[in-house]
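Start from chain A and add chain B according to the hints.
Chains A and B are the protein sequences, given in the same order.
Per my numbering: the first sequence = residues 1 to 385.
Per my numbering: the second sequence = residues 1001 to 1102.
Restraint ranges, calculated between C-beta atoms of paired labels, are given here:
no.	chain 1	residue 1	chain 2	residue 2	range
1	A	Arg323	B	Gly1027	19 to 29 Å
2	A	Glu33	B	Asp1023	39 to 49 Å
3	A	Ile134	B	Lys1012	49 to 59 Å
4	A	Glu136	B	Val1005	53 to 63 Å
5	A	Gly11	B	Gly1068	36 to 46 Å
6	B	Gly1068	A	Glu351	23 to 33 Å
7	A	Arg323	B	Asp1077	29 to 39 Å
8	A	Gly11	B	Ala1080	51 to 61 Å
9	A	Arg323	B	Val1034	19 to 29 Å
10	B	Gly1068	A	Asp214	24 to 34 Å
11	A	Glu138	B	Glu1039	52 to 62 Å
12	B	Val1005	A	Gln355	25 to 35 Å
13	B	Lys1012	A	Glu351	19 to 29 Å
14	B	Gly1068	A	Gly177	23 to 33 Å
Because the hints were derived from the structure by calculation, they are not lab data.
Even glycine gets a Cβ: it sits at the ideal position worked out from N, Cα and C.
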Amino acid sequence: MKIMGYRRSNGDVGIRNHIAVIPASVCASVVAERIADQVEGAIALPNQHGCAQIKPDLDVTARTLAGLGKNGNVAGVLVIGLGCESLQVDWLAEEIASTGKPVEALVIQKCGGTLKTQEAGLRLARIMAQKVSIYEKEEISPESIILGLECGGSDATSGLAANPVHGYVSDKLVALGGTSILSETTELIGAEHVLVRRAVSDEVGEKLLKIVSDCEKRANSMGVDLRGSQPTPGNIEGGLTTIEEKSLGCIYKGGTSPLQGVLEYGERPSGKGFYVMDTPGQDIESITGMVAGGAQIVIFTTGRGTPTGSPLAPVIKITGNPRTYQLMEENIDINGGTIITGTETMPEVGERMIQEIAAVCRGRLTKAEALKHREFGIYKLTSTF
Amino acid sequence: MGESVRNALVMKSSDNVGTIIRDLNQGEEACFEVEGKVETMSLKNSIPFGHKFALVNIPTGENIIKYGEIIGRATSDIPAGAHVHVHNVESLRGRGDLEVKS
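Isolated chain A, as found in the complex:
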């Protein structure tokens, strides 16, 4: 598996060369977006967080935004803050700068408002865009890759065909020394007893069971049947009856490799191999968490069809539903419906996915990238205060 990537000064690897314009809070989001709009290769991460959040939530936001800035796909970062928000700009900029990549920061209340911040930001981002434009890709080891495993808009074919393809790819990458992350804790409810058998230690197994139990308790505290939220109405129309059925299909994405650890939302794996990250089942927030944890590429199964991408990491879509591929080919990169129709085997489609991953690492745009699908959302536990 020949993979091309950018080697960063701290040894991390990226397969894209973005400049991230990161607002430290909702109040700086518009300014960040306007700067990114006008600079080649710049992408803003507008968000609703960073202020008036209670500490556990603020910690999630801080870890996530810092992790996104540190992601190997990011060549340089411009942090924009309002100035009075809880998530302080200096901390965020310094945290990201620990990677050795160029980082600049501006504070709207110090610059003197929107226009002055935009002008200063545009100048800094323009200089950065030129600086990173000369970086070149080189052949890198699969050991440097962190692969995010996502599913969304699932139907019965997800568990029967497309998710097993993810599992096949995950196992191959792990065998080559790389890392994969399975997320979406809600979609482990009813399947945790299967996954826990693969934990490398009792401690890892207990942590897995705890995140699932905590997730179910949070849902139950609302006093309603989870069904209708999970599985969603679309999942149900696609033939999935209960969360247990959805979950048992979902965990096929994780293949058969030993479970090395259980990560907090946005936490980077400390070693190589297969990990679980504690994220919600909501696709956008789940992908954000994995990319903040270092994933440079995400593979995404969808039975019903979904267009979503990510601002910083290429997202490769596959469906196990032949009708969905016909209907939404403009959004879906790989047709795994051939497994259901019997014209291809699961490993054959798995090998096609591996080839596609290598091509996307070389620079080929995914359909989500080509259509600028940059859906972005950060998980939060509770309301703002």
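Quick look at chain B alone, frame taken from chain A:
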């Protein structure tokens, strides 16, 4: 067996439901393999692509098994060949509604 005949999947031999992979009408036969052995079953309902049918008679309260694991519980008697879905299966997990009542 020709691939064109296969219109349903059974994941594990211990499963009591199969999955239809072509829209099938009431009275049509689901054709599937269990451990390499081809079996058929006449369907008691029309069942859309991706939905499940009962492989055996499943009485009220019995577990529904797919992937060799429990995916829920029958809320009514389900005859072999009938559609198995939210109308006759409840989830055992994420049931905040039951916690409040108890």
